[in-house]
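**Student:** Chains as they are written, first to last, in the numbering used here: chain A, 1 to 442; chain B, 443 to 907.
Just so you know, these hints were derived from the structure itself, not from any lab. Watch out, some of these pointers could steer you wrong.
Unchecked claim - Straight line, CA to CA, 25 angstroms or less: simulated BS3-like cross-link-like pairs of lysine-lysine: (1) A:Lys256 / B:Lys517; (2) B:Lys472 / B:Lys905; (3) B:Lys905 / A:Lys111; (4) B:Lys561 / A:Lys55; (5) B:Lys907 / B:Lys754; (6) A:Lys131 / A:Lys107; (7) B:Lys905 / B:Lys861; (8) A:Lys55 / B:Lys517.
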Amino acid sequence: MIAETLLKFAREEGLEEAEVYQSQTQTLRFDILDQQSRQFVVSDSSGLSLRGTRKGRCASVYSEKTDEASLQALAVQCRELADALETEDTVLFTPGQTPMTDDRSDKTLAKHTASEKIEFMKKIEAAALKKDSRIQRVSACGYQEVASLTTLANTQGLQGTRSSTLGLITLSVIASDGKEQTNGFSWRSIKDLTSQDADELVEEAVQEAVSKLSAVRIPSGRYPAILRYDVATDLLGSLWSMFSSEQIQKDLSVLKDRQGQAVMSPLITIVDDPQLPDGFVSCDFDDEGVPTQRTVLVEKGVFKEALYDRKSALKANRASTGNGFKNGCSSPVQISPTNLLVEPGDQSLDAMMAQIEEGVLITDLQGLHAGLNPLTTDFSLQASGFKIEKGQIAYPIHLITIAANYLEMMNSIVAVGNDGRQDLNGVRCSSLYVENLAISGE
Amino acid sequence: MFLDTVKAQRYLDRALARGGDFAELFEEEKWTCSVSMLNGKIEAANSGERWGLSIRIFDGLRTVYGYTNEQDDEKIMAVIDQLAESIGRKRQAECRLLQPQEIADQHAPEIPVQSVTLKQRRQLMQRANDALLSYDPVIKKAMVNLADEDQTVIIASSEGKFVRDNRQRTRMRMQAVAVEGDRMQNSAKAPGAHAGYEFYDQIDIEAMAQDAARTAKVMLNADECPSGEMTVVIDNGFGGVIFHEACGHSLEATSVAYGNSVFCGKLGQKVASELVNAVDDGTIPHAWGSNNIDDEGYPCRRNLLIENGILKGYLIDPLNARRMGMEATGSSRRQDYTFEPTSRMTNTFLLNGTSTMEEIIADTPLGLYAKRLGGGSVNPVTGDFNFAVLEAYMIRGGQIAEPVRGATLIGNGAEILFKIDKIADNGSREQGMCGSKSGSIPTDVGQPTIRVRSMTVGGKGGKLK
Numbered sequence: 001m002i003a004e005t006l007l008k009f010a011r012e013e014g015l016e017e018a019e020v021y022q023s024q025t026q027t028l029r030f031d032i033l034d035q036q037s038r039q040f041v042v043s044d045s046s047g048l049s050l051r052g053t054r055k056g057r058c059a060s061v062y063s064e065k066t067d068e069a070s071l072q073a074l075a076v077q078c079r080e081l082a083d084a085l086e087t088e089d090t091v092l093f094t095p096g097q098t099p100m101t102d103d104r105s106d107k108t109l110a111k112h113t114a115s116e117k118i119e120f121m122k123k124i125e126a127a128a129l130k131k132d133s134r135i136q137r138v139s140a141c142g143y144q145e146v147a148s149l150t151t152l153a154n155t156q157g158l159q160g161t162r163s164s165t166l167g168l169i170t171l172s173v174i175a176s177d178g179k180e181q182t183n184g185f186s187w188r189s190i191k192d193l194t195s196q197d198a199d200e201l202v203e204e205a206v207q208e209a210v211s212k213l214s215a216v217r218i219p220s221g222r223y224p225a226i227l228r229y230d231v232a233t234d235l236l237g238s239l240w241s242m243f244s245s246e247q248i249q250k251d252l253s254v255l256k257d258r259q260g261q262a263v264m265s266p267l268i269t270i271v272d273d274p275q276l277p278d279g280f281v282s283c284d285f286d287d288e289g290v291p292t293q294r295t296v297l298v299e300k301g302v303f304k305e306a307l308y309d310r311k312s313a314l315k316a317n318r319a320s321t322g323n324g325f326k327n328g329c330s331s332p333v334q335i336s337p338t339n340l341l342v343e344p345g346d347q348s349l350d351a352m353m354a355q356i357e358e359g360v361l362i363t364d365l366q367g368l369h370a371g372l373n374p375l376t377t378d379f380s381l382q383a384s385g386f387k388i389e390k391g392q393i394a395y396p397i398h399l400i401t402i403a404a405n406y407l408e409m410m411n412s413i414v415a416v417g418n419d420g421r422q423d424l425n426g427v428r429c430s431s432l433y434v435e436n437l438a439i440s441g442e
Numbered sequence: 443m444f445l446d447t448v449k450a451q452r453y454l455d456r457a458l459a460r461g462g463d464f465a466e467l468f469e470e471e472k473w474t475c476s477v478s479m480l481n482g483k484i485e486a487a488n489s490g491e492r493w494g495l496s497i498r499i500f501d502g503l504r505t506v507y508g509y510t511n512e513q514d515d516e517k518i519m520a521v522i523d524q525l526a527e528s529i530g531r532k533r534q535a536e537c538r539l540l541q542p543q544e545i546a547d548q549h550a551p552e553i554p555v556q557s558v559t560l561k562q563r564r565q566l567m568q569r570a571n572d573a574l575l576s577y578d579p580v581i582k583k584a585m586v587n588l589a590d591e592d593q594t595v596i597i598a599s600s601e602g603k604f605v606r607d608n609r610q611r612t613r614m615r616m617q618a619v620a621v622e623g624d625r626m627q628n629s630a631k632a633p634g635a636h637a638g639y640e641f642y643d644q645i646d647i648e649a650m651a652q653d654a655a656r657t658a659k660v661m662l663n664a665d666e667c668p669s670g671e672m673t674v675v676i677d678n679g680f681g682g683v684i685f686h687e688a689c690g691h692s693l694e695a696t697s698v699a700y701g702n703s704v705f706c707g708k709l710g711q712k713v714a715s716e717l718v719n720a721v722d723d724g725t726i727p728h729a730w731g732s733n734n735i736d737d738e739g740y741p742c743r744r745n746l747l748i749e750n751g752i753l754k755g756y757l758i759d760p761l762n763a764r765r766m767g768m769e770a771t772g773s774s775r776r777q778d779y780t781f782e783p784t785s786r787m788t789n790t791f792l793l794n795g796t797s798t799m800e801e802i803i804a805d806t807p808l809g810l811y812a813k814r815l816g817g818g819s820v821n822p823v824t825g826d827f828n829f830a831v832l833e834a835y836m837i838r839g840g841q842i843a844e845p846v847r848g849a850t851l852i853g854n855g856a857e858i859l860f861k862i863d864k865i866a867d868n869g870s871r872e873q874g875m876c877g878s879k880s881g882s883i884p885t886d887v888g889q890p891t892i893r894v895r896s897m898t899v900g901g902k903g904g905k906l907k
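Bound-form chain A, shown alone (with noise of 0.2 angstroms):
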């Protein structure tokens, strides 16, 4: 309803195409602190966004209010915004004629009561603290449920529907050993409230912390090095529009001119795979309507394809990858990945480990939003994890940076782990052995 209006709105306002992306978000979140929630916060808002042409080029605006007058001025200043614009870049929206349905939503969460699932973290609370004599305190043990429905619909006659759920518990907890304090966290995507997600939350977090007590700094070099799952999942999530079709075309990313090429060891198969069974991106549609579809990225270390969206596909005279996204309401679409996957290799880290007579397993990292740059993909980030001596985790270090330029360090790649866990940004890549890695220390 809102959105014939709108759209009745922009093509009376003399906009060529037009667009509009509704969402609408309900959550509940709360802390537990000291076996008491604290922070509950509840929320239900929404908003919608409104993309307009007018010789092709286009502009986004966006408003939480939908009384009619409100409607109205927006469809008059998407109209202006696009009579500003002078790229020669243009988008056309995509033609649609049946409606689009994608249903991920798992009600499952939603039976349990408030109070029922304040019990549940209490118990997570109460777990850590016994886990371990070394664990001082839990600084955060939280719970986070989110309900989100999105619809699209356009001037071409598109229409789409999506609708999915995410539950999320995290937990943070503080090791002494009398000297000093160091921290673990850990987080589970959960379907249900169930005693295996909890074990292991608690697990995970309290082993962290305890494993980093009596860190030590260790001499500068270059050492051989293992990027645990999660740092090599970090990485590759700060650094993956070098495979943006728009950052390529603007001269931006690394990977101009270089498809076909090998960028990277042959150890190494990139791609994005919008319907891994449970992946955190999973989805039929982005939000221009284009059909989602598996691109492979990197193959064997050749540089196969990047990721396109409406307008950069048009711009190159090729389809689009269905990689067109907004993030949120007042972001205009972007390109983005759904799910983007390092395919795994077929050694465990402890098989990994077990060839390296002198070495560093990278366990943390710090600083990515400052410490590197997409553009040259060049890194120099805070680091900390553990000596490897003779094959084995000898002792935990810190304070150390690890320095080097993504891409050549992705050719120099010794080994890829069978390991491996999505983030909440759908990236995954598994434990990767690098040949030497730059580190500074003492």
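For chain A, the structure is supplied; the task is to place chain B on it using the hints.
**Tutor:** What follows is chain B alone, placed relative to chain A:
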């Protein structure tokens, strides 16, 4: 705006129906506009308006929080009832009669951001674009973004508060990309203010753009930075991010009140070299991180944090003030109505010392001169921090020598403050966005040029020679 004293009174009273000792409403209307130019052509434009209402109830040391963006009495009441129900006891407090309160606007714009036409925006961006591209032929790309925000809030509480504030901010980001062969470097300047478009008459857009272009060009030909322990001179302005990360976050009540900070229990104790004086000042007229009132409706203040190396204060919001048994400091902030507010920084900086920049360099036989810093992060539990250096040079024989790239500074907040052995007299502030528990908010960082006796520098250039 949607709220008036009658509605607010009714909502607040209902919020306290099932227990809780204090209730608060935060209504927000925010207009934003962002226009981007690439090499002289407007390539993207996005604008819109947000509206929402949040309700927060205090129950001792516990809070419940909810929000909606539907201007519908029934929906709002439903959220309030859901929150009240989650406390679920008998009423213990009443809402006092709301008294509208006038505040003096220290940051009122002369040229309101919504009065500026797209044509005027374009002209300003063109100036930056031209200055970037004309600096040197190696500058192949000029990216300019102009982002404005006009926010009006009403904050009402069961203690009788009903206050309204308008905040307008504008910021221009000018980024240069230098390319030579297969090498590429980028650099940006991004001045901003809590003000209207008169701000752009007060700054030198061309000089700032050229400075960004200069850095990109210099770094294009820089060698990789050596790694290891070395003396580091950190320049004024954005160099203050070191204090923001290494110390500021650990002084926020979000860390301190829960024992998650190295500065817990250290008030009155020496936490830094005696040269160090630091403040968080949310009152500076038109500064990027300033506000008339914080996001719980209390006046912003100038808070002394460190005086002659002695820890003098924390940044405390009203909820954590209860937990800590201390006074709130006007430091409660949030990104928007979807975030529960908490203690945050405003404009945080080190005060001037007595050395000069020239003396400091001349007095350093071998070290790193970190001229421009990027962002960074800190682990408040351990105080370990890191940040990126966007423009750096080696110091050799008391003189600034060759440029180096790819440096990262890492260290520990508690330790590094003691290692500051020189502070210059050239303090200045720069703008940034700070992300933490209550979202992403505008803050200023700042400092005069300082010298840190010894710090870990990460880089790919091998050992220091």
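**Student:** For the pair supplied as a hint, lysine 256 (chain A) and lysine 517 (chain B), is the alpha-carbon distance within the 25 angstroms limit?
**Tutor:** Violated, at about 51 angstroms.
**Student:** Is the Cα-Cα distance between lysine 472 (chain B) and lysine 905 (chain B) 25 angstroms or less?
**Tutor:** The hint is violated at about 51 angstroms.
**Student:** Sort out whether lysine 517 (chain B) lies within 25 angstroms of lysine 55 (chain A), counting only the CA atoms.
**Tutor:** Violated: lysine 55 (chain A) and lysine 517 (chain B) sit about 41 angstroms apart, past 25 angstroms.
**Student:** Please work out if lysine 905 (chain B) and lysine 861 (chain B) have their alpha carbons no farther apart than 25 angstroms.
**Tutor:** Between lysine 905 (chain B) and lysine 861 (chain B) the Cα gap is close to 22 angstroms, so the pair holds against 25 angstroms.
**Student:** Would you check the hint for lysine 907 (chain B) and lysine 754 (chain B), treating anything up to 25 angstroms between C-alpha atoms as holding?
**Tutor:** The given pair, whose Cα atoms are some 41 angstroms apart, is violated under the 25 angstroms limit.
**Student:** Check whether the Cα positions of lysine 561 (chain B) and lysine 55 (chain A) lie no farther apart than 25 angstroms.
**Tutor:** The hint holds at about 19 angstroms.
**Student:** Is lysine 131 (chain A) within 25 angstroms of lysine 107 (chain A), Cα to Cα?
**Tutor:** violated (32 angstroms)
**Student:** Would the pair lysine 905 (chain B) and lysine 111 (chain A) pass a check requiring their Cα atoms to be no farther apart than 25 angstroms?
**Tutor:** The hint is violated at about 60 angstroms.
Going down the numbered hints, you'll see the structure goes against 1, 2, 3, 5, 6 and 8, while the others check out.
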